[in-house]
Amino acid sequence: MENNIVDLAIVGAGPAGLSAAIEACKWGLSVVLLDEQAALGGQIYRGVDAAGKKRRSVLGEDYSAGAALTKAFAESGARHIAGASVWNVGRDMKVNYLLQGASASLQARYIILASGAMERPFPVSGWTLPGVMGAGAAQILYKSAGALPTESVVLAGCGPLLYLLAYQYLHAGVTLKAVVHTTQRSDYVRAVKHLPSALRGWRDLRKGLRMLAHLRRKQVPVYAGAQALSIQGTDRAEAVSFIHKGRVHRIESSLVLLHQGVVPNTQFSWSLRARHAWSDTQLCWVPETDEYGQIEDSGIYIAGDSRGIVGAKASALQGRLAAVTIASKLERIGARDRAIREKALHVDLYRQLHIRPFLDALYRPPAEHRIPQQDSVVVCRCEEITAGQIRQYTRVGCQGPNQTKAFGRCGMGPCQGRLCGLTVTELIAQARNVSPAEVGYYNIRPPIKPVTIGELAA
Amino acid sequence: MHINDASLCRPLFTAEHSLPSHTVTLQFEDESISVPAGITVAAALLLKGAGHFRITPVKSSPRAAYCMMGVCFECLVEIDGKPGRQACLATVREGMAIRRQQGASELPPLAEENQNGE
Numbered sequence: 007m008e009n010n011i012v013d014l015a016i017v018g019a020g021p022a023g024l025s026a027a028i029e030a031c032k033w034g035l036s037v038v039l040l041d042e043q044a045a046l047g048g049q050i051y052r053g054v055d056a057a058g059k060k061r062r063s064v065l066g067e068d069y070s071a072g073a074a075l076t077k078a079f080a081e082s083g084a085r086h087i088a089g090a091s092v093w094n095v096g097r098d099m100k101v102n103y104l105l106q107g108a109s110a111s112l113q114a115r116y117i118i119l120a121s122g123a124m125e126r127p128f129p130v131s132g133w134t135l136p137g138v139m140g141a142g143a144a145q146i147l148y149k150s151a152g153a154l155p156t157e158s159v160v161l162a163g164c165g166p167l168l169y170l171l172a173y174q175y176l177h178a179g180v181t182l183k184a185v186v187h188t189t190q191r192s193d194y195v196r197a198v199k200h201l202p203s204a205l206r207g208w209r210d211l212r213k214g215l216r217m218l219a220h221l222r223r224k225q226v227p228v229y230a231g232a233q234a235l236s237i238q239g240t241d242r243a244e245a246v247s248f249i250h251k252g253r254v255h256r257i258e259s260s261l262v263l264l265h266q267g268v269v270p271n272t273q274f275s276w277s278l279r280a281r282h283a284w285s286d287t288q289l290c291w292v293p294e295t296d297e298y299g300q301i302e303d304s305g306i307y308i309a310g311d312s313r314g315i316v317g318a319k320a321s322a323l324q325g326r327l328a329a330v331t332i333a334s335k336l337e338r339i340g341a342r343d344r345a346i347r348e349k350a351l352h353v354d355l356y357r358q359l360h361i362r363p364f365l366d367a368l369y370r371p372p373a374e375h376r377i378p379q380q381d382s383v384v385v386c387r388c389e390e391i392t393a394g395q396i397r398q399y400t401r402v403g404c405q406g407p408n409q410t411k412a413f414g415r416c417g418m419g420p421c422q423g424r425l426c427g428l429t430v431t432e433l434i435a436q437a438r439n440v441s442p443a444e445v446g447y448y449n450i451r452p453p454i455k456p457v458t459i460g461e462l463a464a
Numbered sequence: 056m057h058i059n060d061a062s063l064c065r066p067l068f069t070a071e072h073s074l075p076s077h078t079v080t081l082q083f084e085d086e087s088i089s090v091p092a093g094i095t096v097a098a099a100l101l102l103k104g105a106g107h108f109r110i111t112p113v114k115s116s117p118r119a120a121y122c123m124m125g126v127c128f129e130c131l132v133e134i135d136g137k138p139g140r141q142a143c144l145a146t147v148r149e150g151m152a153i154r155r156q157q158g159a160s161e162l163p164p165l166a167e168e169n170q171n172g173e
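Chains as they are written, first to last, in the numbering used here: chain A, 7 to 464; chain B, 56 to 173.
Isolated chain A, as found in the complex (with noise of 0.2 Å):
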């Protein structure tokens, strides 16, 4: 084990954690930067090194802007450790991680957690069927891998990286069978209140729309305004079958990609035992910090989509803030060079933010799908436990997540939680008629990636 002490500590190498080591450097910090994959980059600039012309070009101009935040990582004199799994940030800290095999450690006197956002569960029937992935899955798989469907393929769902996802399959040459999105007239309306604010973020609204008219220009069949997703199949997936206009439809595919959007991987701060808020807005859980992204007075800070959804540009923003916050706890920044920098990267912060709420508002996933109301659905994909079973642990006094543990395993499989947690809590919450917030959350123990004793002690 190592026990070098550097001055901080990342935890995951996309914009965030990237921006927030180049900026530690700057002001002449020591700098690991732990990540568990293989390159730089992070979910949304996955694979941006090694990928080709074609590849950048399918993926656009967004996406190559990640080689600039590598390519200055890289000259910053942080060091990665990559394929790093941290398993363990404690407050003393002291981060705990397994590389090849072994489990190794590092002290460090601040933490900064970067560890990103991951795709909505999309807790519908069939939505564990082989041939059913997260269209954000398959967008990794393009990323990394140049992996595209094989044969025509549906996407279903809401949320700008379905849009996304469609536009670039179309750029690549993929046939899209059908785009199925469950955005209702009832969220435009409620989205509109937000215009005003998201008019000023008129560029990203501007590439939005765009997409969606190349999508029509190329025929590609809509279907807006969708109910009732379903997928069928006995072992993999065969259809997929939704109401749109009063009428069922079904459409065969092998492939089916999921998206309702993104919501923050808060694994480490609940595992830090921070407090956490429901956002009714984001419908997740966002752990509290202060205004540079500190719980508590702990020295550990959070930045970018895991501490609440904002975007690849301005969690890159929030990555620096913290780095300058921390710079200067240490003494490397003096009080006026913070202040110039740290008033910079505020007013580049408050424009990134302004299209948020319009986003949230636009986007905001139908209930039916994110708390399932046919019993038979799986919820725990893990440990195979259904929303009905969950119904009937409340009939029987489950107040919450925890005790949802011992009634019947849920949320004690593999992944901890992560893909059936915010269903659970919403699932009671409704069962109960009581909000999310007084339902809570798993209690979340390290280690928060499984550790072999054999690795422990290698």
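Derived by calculation from the structure, the hints in this document are not laboratory data.
Do not take every clue at face value.
[To be verified] Here are some of the chain B residues that sit facing chain A, going by a computed Cβ distance under 7 Å: (1) A70; (2) E71; (3) I94; (4) A98; (5) L102; (6) G106; (7) V113; (8) P117; (9) A119; (10) Y121; (11) C122; (12) M123; (13) G125; (14) C127.
[What the hints assert, rightly or not] Distance condition first, Cα-Cα at most 25 Å in a straight line; then the derived DMTMM-like pairs of lysine to aspartate or glutamate: (15) A:K60 - B:E71; (16) A:K411 - A:E432; (17) B:K114 - A:E390.
[To be verified] To be clear about the criterion: a stretch of chain A counts as covered by chain B if any three or more of its residues have a C-beta under 8 Å from a C-beta of chain B, and this derived list gives those stretches: (18) 138-147; (19) 378-389.
Fair warning: this is a prediction, and the values are worked out from it, not measured in the lab.
No residue lacks a Cβ here, since even glycine has one placed at the ideal position from N, Cα and C.
Put chain B on the given structure of chain A with help from the hints.
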């Protein structure tokens, strides 16, 4: 439930370059497969048509990679005799032997032991 256990079926994904410049050869179940170097085991199995990656321990249902980023644990396979490996986090290596995860892995449950403070 009867699960078609034939090793390979029609792949859901295809590589954009039909002839990658550099490949590695792996063993999947009883077949030898050639895949582009540098990709993850999960990507390799999807490109080769693995169908399912594992059979669940509870209801023996077939599952395959779902998130591709290490959070869902649906892509668990056995790599070089070690069970419970996340295929989406492992990079392919020449000669790697991969098997589907059948039911529960034999990993000792450390999580419970560790709850008393480590």
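Would the hint on B:C122 stand, with a C-beta cut-off of 7 Å toward chain A?
holds, 5 Å
When the nearest CB of chain A is found for B:A119, is that gap smaller than 7 Å?
Holds: closest Cβ of chain A sits about 4 Å from B:A119, inside 7 Å.
Quick check on the hint: B:A70 CB to chain A CB, less than 7 Å?
holds, 5 Å
With a cut-off of 7 Å on the beta carbons, see whether B:A98 makes it to chain A.
holds, 4 Å
Less than 7 Å between beta-carbons is the criterion; does B:L102 satisfy it with respect to chain A?
holds, 6 Å
Should the interface hint for B:E71 be scored as holding, given a Cβ-Cβ cut-off of 7 Å against chain A?
This hint holds: B:E71 lies near chain A, its Cβ roughly 4 Å from the closest one there, short of 7 Å.
Quick check on B:M123 please, does its C-beta sit within 7 Å of some C-beta on chain A?
Since the shortest Cβ distance to chain A is 4 Å, the answer is holds.
Would the stated hint for B:G125 survive a check requiring a Cβ distance to chain A of less than 7 Å?
holds, 6 Å
Status of the hint placing B:I94 at chain A (closest C-beta pair under 7 Å)
Result: holds, 4 Å to nearest chain A Cβ.
Does the alpha-carbon distance linking B:K114 and A:E390 stay inside the 25 Å limit?
holds, 8 Å
Identify whether the interface hint at B:V113 stands, where standing means a beta carbon of chain A within less than 7 Å of its own.
Holds, about 4 Å.
Agreement of hint B:P117 with chain A interface, Cβ distance less than 7 Å
Where the cut-off is 7 Å and the nearest Cβ of chain A is about 5 Å from B:P117, the hint holds.
The structure fails none of the hints (numbered hints given earlier).
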